[in-house]
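Number of protein chains: 2
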Amino acid sequence: MRQIVIVGSIAYDEIETPHGRSGKILGGAATYSSFAAAYFDVQVKIISVVGGDFKPDYIELFKQRNIDITGLEIKKDEKTFYWHGKYLENMNKRQSLITDLNVLEKFDPVVPESYKEPDILLLANLSPIVQLSVIRQLKRRPKLIVLDTMDFWIMTKLEELMEVFKNIDVLTINDQEAFLLSGQNTLRAAASKILEMGPQYVIIKKGEHGALLFTKEKIFFAPALPLYQVFDPTGAGDTFAGGLCGYLATTDNYSFENLKNGVIAGSVLASFTVEDFGTNKLQNIKTNEIISRIGEFIELVKFNFPKTNKIFNKKIQQ
Amino acid sequence: MRQIVIVGSIAYDEIETPHGRSGKILGGAATYSSFAAAYFDVQVKIISVVGGDFKPDYIELFKQRNIDITGLEIKKDEKTFYWHGKYLENMNKRQSLITDLNVLEKFDPVVPESYKEPDILLLANLSPIVQLSVIRQLKRRPKLIVLDTMDFWIMTKLEELMEVFKNIDVLTINDQEAFLLSGQNTLRAAASKILEMGPQYVIIKKGEHGALLFTKEKIFFAPALPLYQVFDPTGAGDTFAGGLCGYLATTDNYSFENLKNGVIAGSVLASFTVEDFGTNKLQNIKTNEIISRIGEFIELVKFNFPKTNKIFNKKIQQ
Numbered sequence: 016m017r018q019i020v021i022v023g024s025i026a027y028d029e030i031e032t033p034h035g036r037s038g039k040i041l042g043g044a045a046t047y048s049s050f051a052a053a054y055f056d057v058q059v060k061i062i063s064v065v066g067g068d069f070k071p072d073y074i075e076l077f078k079q080r081n082i083d084i085t086g087l088e089i090k091k092d093e094k095t096f097y098w099h100g101k102y103l104e105n106m107n108k109r110q111s112l113i114t115d116l117n118v119l120e121k122f123d124p125v126v127p128e129s130y131k132e133p134d135i136l137l138l139a140n141l142s143p144i145v146q147l148s149v150i151r152q153l154k155r156r157p158k159l160i161v162l163d164t165m166d167f168w169i170m171t172k173l174e175e176l177m178e179v180f181k182n183i184d185v186l187t188i189n190d191q192e193a194f195l196l197s198g199q200n201t202l203r204a205a206a207s208k209i210l211e212m213g214p215q216y217v218i219i220k221k222g223e224h225g226a227l228l229f230t231k232e233k234i235f236f237a238p239a240l241p242l243y244q245v246f247d248p249t250g251a252g253d254t255f256a257g258g259l260c261g262y263l264a265t266t267d268n269y270s271f272e273n274l275k276n277g278v279i280a281g282s283v284l285a286s287f288t289v290e291d292f293g294t295n296k297l298q299n300i301k302t303n304e305i306i307s308r309i310g311e312f313i314e315l316v317k318f319n320f321p322k323t324n325k326i327f328n329k330k331i332q333q
Numbered sequence: 016m017r018q019i020v021i022v023g024s025i026a027y028d029e030i031e032t033p034h035g036r037s038g039k040i041l042g043g044a045a046t047y048s049s050f051a052a053a054y055f056d057v058q059v060k061i062i063s064v065v066g067g068d069f070k071p072d073y074i075e076l077f078k079q080r081n082i083d084i085t086g087l088e089i090k091k092d093e094k095t096f097y098w099h100g101k102y103l104e105n106m107n108k109r110q111s112l113i114t115d116l117n118v119l120e121k122f123d124p125v126v127p128e129s130y131k132e133p134d135i136l137l138l139a140n141l142s143p144i145v146q147l148s149v150i151r152q153l154k155r156r157p158k159l160i161v162l163d164t165m166d167f168w169i170m171t172k173l174e175e176l177m178e179v180f181k182n183i184d185v186l187t188i189n190d191q192e193a194f195l196l197s198g199q200n201t202l203r204a205a206a207s208k209i210l211e212m213g214p215q216y217v218i219i220k221k222g223e224h225g226a227l228l229f230t231k232e233k234i235f236f237a238p239a240l241p242l243y244q245v246f247d248p249t250g251a252g253d254t255f256a257g258g259l260c261g262y263l264a265t266t267d268n269y270s271f272e273n274l275k276n277g278v279i280a281g282s283v284l285a286s287f288t289v290e291d292f293g294t295n296k297l298q299n300i301k302t303n304e305i306i307s308r309i310g311e312f313i314e315l316v317k318f319n320f321p322k323t324n325k326i327f328n329k330k331i332q333q
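Top to bottom, those sequences are chains V and G. Residues in the first sequence are numbered consecutively from 16, following our numbering. Residues in the second sequence are numbered consecutively from 16, following our numbering.
Careful, some of the hints might be misleading.
The list treats identical chains as one, so a pair stands whether inside a single copy or across any two.
What the hints assert, rightly or not - Computed cross-link-like contacts, DSS-like style, restricted to lysine-lysine with a CA-CA straight-line distance of at most 25 Å: (1) Lys101 x Lys330; (2) Lys317 x Lys221; (3) Lys208 x Lys39; (4) Lys301 x Lys91; (5) Lys325 x Lys70; (6) Lys233 x Lys317; (7) Lys154 x Lys317; (8) Lys275 x Lys317.
If you're looking for bench data, these hints aren't it; they were derived computationally from the structure. Remember, predicted model here, so these are calculated numbers, not experimental data.
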């Protein structure tokens with residue numbers, strides 16, 4: 016069975032949306048990413064850290080999914096990373112009300128021996144310094160290194176982030192962050208710039224507008240499923256990255272054509288995450304639901320344009 | 016040859032973008048829509064009005080495309096509709112600096128006899144009162160009536176607009192206007208509400224994020240081509256509506272499956288319009304360029320997801 020190592024945060028989140036408040040619930044990039052990846056036929060291993068206040072019930076959730084937690088450090092005398100955020104009316108903007116790094120502040124991961132030869136390394140959102148440390152502790156280069164990052168690291172740790180970029184194959188980033196990172200104002204120009212920074216693939220996540228996969232020569236546009244209601248967008252990007260890696264490790268094919276399918280797999284899983292608070296829905300998807308939704312994505316963009324010139328005005332220059 | 020009647024504005028536009036200023040150039044919804052539709056093998060007929068200040072050279076542009084201008088009224092003693100607008104940094108927001116309705120203010124169109132039995136009627140952006148008047152002057156109901164409208168009419172002439180809605184088959188509207196019209200905050204919920212107002216098809220235009228075609232049962236997601244540079248978005252929506260109608264009239268097939276192709280055709284032509292100021296690019300597209308770009312749209316969303324359950328974790332409930 017192929018292996019994915021995921022390094023990222025595990026958190027207590029408290030989320031406010033126009034639909035209500037979540038209370039203090041399980042969150043964090045490594046949580047969403049590993050839960051999503053674990054829907055595939057792969058061995059998922061996480062590297063993260065929590066405090067002594069972290070609920071044993073939550074640890075059970077990882078174990079139930081056969082997620083390897085050898086690399087999960089529990090610092091008894093410290094507190095788990097805590098984030099309290101609020102989404103505004105249309106769910107496109109969010110405010111961070113409280114961000115208590117706590118145990119994450121001095122996180123210096125030690126990669127377990129059994130983790131050192133993964134097929135895929137997913138660097139979920141975390142400090143580039145931690146990400147570099149993990150890359151350097153591996154015994155051999157994974158087949159694929161995927162990086163997810165955010166505006167905070169672009170603004171505060173750009174030099175270290177650029178160093179990470181030299182080591183990765185795939186960057187997933189949202190549209191606003193792509194503009195910030197590249198200084199460009201169209202996604203295509205932004206992707207071109209970012210592809211010069213190191214990664215072979217750049218995936219720009221546009222939330223409800225889908226995602227774009229870029230190489231230097233090619234582009235793929237993955238739709239998002241238009242939903243009646245977006246309940247809570249938290250973790251959608253992390254779910255996407257986890258689903259992408261889970262699919263790719265299982266199929267063990269890193270071509271552009273298969274990356275496209277990975278983007279669809281990630282988008283499909285993310286479309287479930289946003290249907291409920293936190294990981295509520297992501298914890299309880301059935302295989303048949305995933306397969307059915309993949310079918311919806313296929314239908315959503317399918318068209319059959321007639322192959323004929325006869326539809327055009329004959330007087331126009333060829 | 017099938018016939019499309021287009022009623023809409025013809026304007027002098029003056030456009031400012033971060034790329035520069037256009038000067039006073041040809042614009043207006045009927046202009047973009049008719050130029051786009053005329054790329055197809057159809058007879059396009061326009062209903063509009065201009066002032067005595069309207070350049071004969073511009074009238075030539077319509078004639079060159081074999082666009083019937085019997086329904087173009089020239090009011091010698093009045094001035095052509097004038098719009099001066101400015102796009103902000105990211106091209107997503109625009110400000111109207113000057114809007115002089117001039118000759119449009121009292122526009123009361125008389126539909127020529129030769130226009131009264133079109134295959135498609137395109138009600139391009141204009142007052143709903145004018146749109147209703149045109150519908151009522153026709154001898155028989157067209158196979159398809161397409162309406163494009165904007166926030167201004169939703170806010171100022173909602174009652175008359177609702178009356179137009181009862182007579183149309185297809186509404187094209189942008190995402191912000193769909194939210195405004197429906198009072199909903201997801202596009203899917205907005206489309207559901209709008210479909211109850213009359214039209215059988217609703218097309219929500221999302222600019223650089225593509226377009227969504229909704230019926231009560233089905234959805235189609237058409238991508239937008241990611242461009243290196245959006246030079247001037249003016250007229251993209253009008254071009255879209257014109258391309259849609261041009262394609263549909265030529266193929267004479269108003270099924271959901273063919274509407275999808277119409278949405279692609281409209282998106283393809285709109286992707287040219289935004290490449291230069293005003294109608295500069297839209298005036299000079301070659302058939303081969305259109306065919307080539309249709310190919311790019313097909314490639315952009317094509318993927319081939321494996322039909323197997325073997326990729327999923329066997330421990331998850333089916």
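Here's how the hints hold up against the structure:
For the homomeric pair Lys101 and Lys330, neither the shortest alpha-carbon distance inside one copy (57 Å) nor that between copies (35 Å) is at most 25 Å. Proximity of Lys317 and Lys221 under a CA criterion of 25 Å is satisfied in both settings, with 20 Å inside one chain copy and 18 Å between copies. In this assembly of identical chains, Lys208 and Lys39 lie within 25 Å of each other by CA distance neither inside one copy nor across copies; the values are 39 Å within and 35 Å between. When the C-alpha separation of Lys301 and Lys91 is checked against a cutoff of 25 Å, the pair qualifies neither within a copy, at 35 Å, nor between copies, at 70 Å.
Taking the shortest alpha-carbon separations for Lys325 and Lys70, neither the intra-copy value of 67 Å nor the inter-copy value of 33 Å comes in at or below 25 Å. In this assembly of identical chains, the alpha carbons of Lys233 and Lys317 lie at most 25 Å apart whether taken from the same copy (19 Å) or from different copies (12 Å). When the C-alpha separation of Lys154 and Lys317 is checked against a cutoff of 25 Å, the pair qualifies neither within a copy, at 43 Å, nor between copies, at 37 Å. Taking identical chains as interchangeable, the C-alpha atoms of Lys275 and Lys317 lie at most 25 Å apart whether they share a chain (15 Å) or sit on different chains (9 Å).
The structure shown violates the earlier hints numbered 1, 3, 4, 5, 7.
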